[in-house]
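Protein chains in written order, with this note's numbering: chain A, 11 to 122; chain B, 25 to 139.
Because the hints were derived from the structure by calculation, they are not lab data. You may find that some hints are simply not true.
[Said to hold, decoys possible] Some residues of chain A that are not near chain B, with every Cβ distance over 10 Å (derived):
#, residue
1, GLY26
2, GLN51
3, PRO115
[Claimed, not checked] Facing chain B, according to a computed beta carbon distance under 10 Å, are these residues of chain A, among others:
#, residue
4, TYR28
5, GLU30
6, TYR45
7, GLY61
8, PRO71
9, ASP73
10, PHE75
11, PHE76
12, PRO80
13, LEU101
[What the hints assert, rightly or not] Now the in silico label distances, taken between C-beta atoms and shown as ranges:
#, chain 1, residue 1, chain 2, residue 2, range
14, A, LEU49, B, GLN80, 22 to 32 Å
15, A, GLU54, B, ASP50, 14 to 24 Å
16, B, ILE136, A, ARG118, 17 to 27 Å
17, B, ASN91, A, VAL110, 19 to 29 Å
The structure presented is a predicted model; accordingly, all values stated were derived computationally and were not measured. The beta carbon of each residue, even a glycine, is placed where N, CA and C say it ideally should be.
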Amino acid sequence: GAGVSQTPSNKVTEKGKYVELRCDPISGHTALYWYRQSLGQGPEFLIYFQGTGAADDSGLPNDRFFAVRPEGSVSTLKIQRTERGDSAVYLCASSELAGVKFFGPGTRLTVL
Amino acid sequence: AQTVTQSQPEMSVQEAETVTLSCTYDTSENNYYLFWYKQPPSRQMILVIRQEAYKQQNATENRFSVNFQKAAKSFSLKISDSQLGDTAMYFCAFIPMDSNYQLIWGAGTKLIIKP
């Protein structure tokens with residue numbers, strides 16, 4: 011596809027459950043980013059991948075959050091023991107050039 | 025600390041009018057990029073316009089233009105001939121030129137275009 015895609019579009023889960031959110035970046039983009047966006051706020055940086063490695067994971071809020079990008083393309087954001095406070099839109103972006111990020115449509119996560 | 029401030033939480037104008045969204049930022053960097061992103065209800069974050077700090081000429085993309093005042097650290101977005109499809113959240117963002125990832129975001133301005 012031409013753009014960044016994210017699945018699922020919406021995810022509803024119960025407190026304490028495990029969830030995985032997937033991001034397919036634009037083909038050829040080496041950099042991939044995860045953000046979290048709460049209602050009425052700008053995106054909050056979570057993690058940045060350059061190729062297969064996490065170049066910066068300083069934005070992950072705690073050790074319940076983990077992300078992988080094993081082949082340098084698709085990335086999965088994993089959240090263990092979900093809490094109600096994890097409810098947000100999770101955005102993925104990819105880029106080739108510095109600063110020019112293309113965003114996916116996001117996954118809306120609701121933790122009941 | 026590097027920050028981006030959008031002082032207008034919400035604005036509304038009539039279709040076809042011109043509207044200006046304000047953005048100020050704080051940084052000690054000399055070289056950086058500034059962006060305006062649009063986020064409609066579909067949630068997709070779409071790049072509207074980009075400005076390199078070393079360029080004095082204001083960036084323009086069709087109906088969208090910026091007023092970049094580097095000394096004042098101001099980066100406002102002007103939308104001319106506004107259309108219903110311009111209704112969205114607008115985010116101002118900043119990134120140092122030597123960084124590939126640390127976008128600093130404003131809180132956003134909700135823009136409503138009324139028919």
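Cross-check of the supplied hints:
1. Its beta-carbon lying about 26 Å from the closest one in chain B, GLY26 of chain A satisfies the requirement of being farther than 10 Å from that chain.
2. Not every C-beta of chain B lies more than 10 Å from that of GLN51 of chain A, the closest at about 6 Å, which undercuts listing it as non-interface.
3. Under the 10 Å C-beta cut-off, the non-interface status given to PRO115 of chain A relative to chain B is violated; the minimum distance is some 5 Å.
4. For TYR28 of chain A, the interface hint is violated, since its Cβ never comes within 10 Å of a Cβ in chain B; the closest pair sits about 23 Å apart.
5. About 19 Å separates the beta-carbon of GLU30 of chain A from the nearest beta-carbon of chain B, more than 10 Å, and the hint is not met.
6. Taking 10 Å as the C-beta contact cut-off toward chain B, the hint placing TYR45 of chain A at the interface holds, the least distance being around 8 Å.
7. Using the Cβ-Cβ criterion of 10 Å, the hint placing GLY61 of chain A at the interface with chain B is not satisfied: the shortest such distance is roughly 12 Å.
8. Hint status for PRO71 of chain A: violated, given a least beta-carbon distance of 17 Å to chain B, over 10 Å.
9. Because the smallest distance between the Cβ of ASP73 of chain A and any Cβ of chain B comes to about 21 Å, over 10 Å, the interface hint for this residue is violated.
10. At about 17 Å, the closest approach between the beta carbon of PHE75 of chain A and any beta carbon in chain B exceeds 10 Å, and the interface hint on this residue is violated.
11. For PHE76 of chain A, the suggested interface contact is broken, since its CB lies about 18 Å from the closest CB of chain B, more than 10 Å.
12. Here the hint on PRO80 of chain A is broken, as its CB sits about 20 Å from the closest CB of chain B, past 10 Å.
13. Among the interface hints, the one on LEU101 of chain A holds; its C-beta lies about 6 Å from the nearest C-beta in chain B, closer than the 10 Å criterion.
14. About 38 Å separates the C-beta atoms of LEU49 of chain A and GLN80 of chain B, a value inconsistent with the hinted range of 22 to 32 Å.
15. Distance hint check for GLU54 of chain A and ASP50 of chain B: the Cβ-Cβ separation is about 19 Å, which falls inside the suggested range of 14 to 24 Å.
16. For ILE136 of chain B and ARG118 of chain A, the hinted distance range of 17 to 27 Å is satisfied, since their beta carbons lie about 22 Å from each other.
17. Roughly 22 Å separates the CB atoms of ASN91 of chain B and VAL110 of chain A, a value that falls within the hinted 19 to 29 Å.
Comparing the model with each numbered hint stated earlier shows that hints 2, 3, 4, 5, 7, 8, 9, 10, 11, 12, 14 do not hold.
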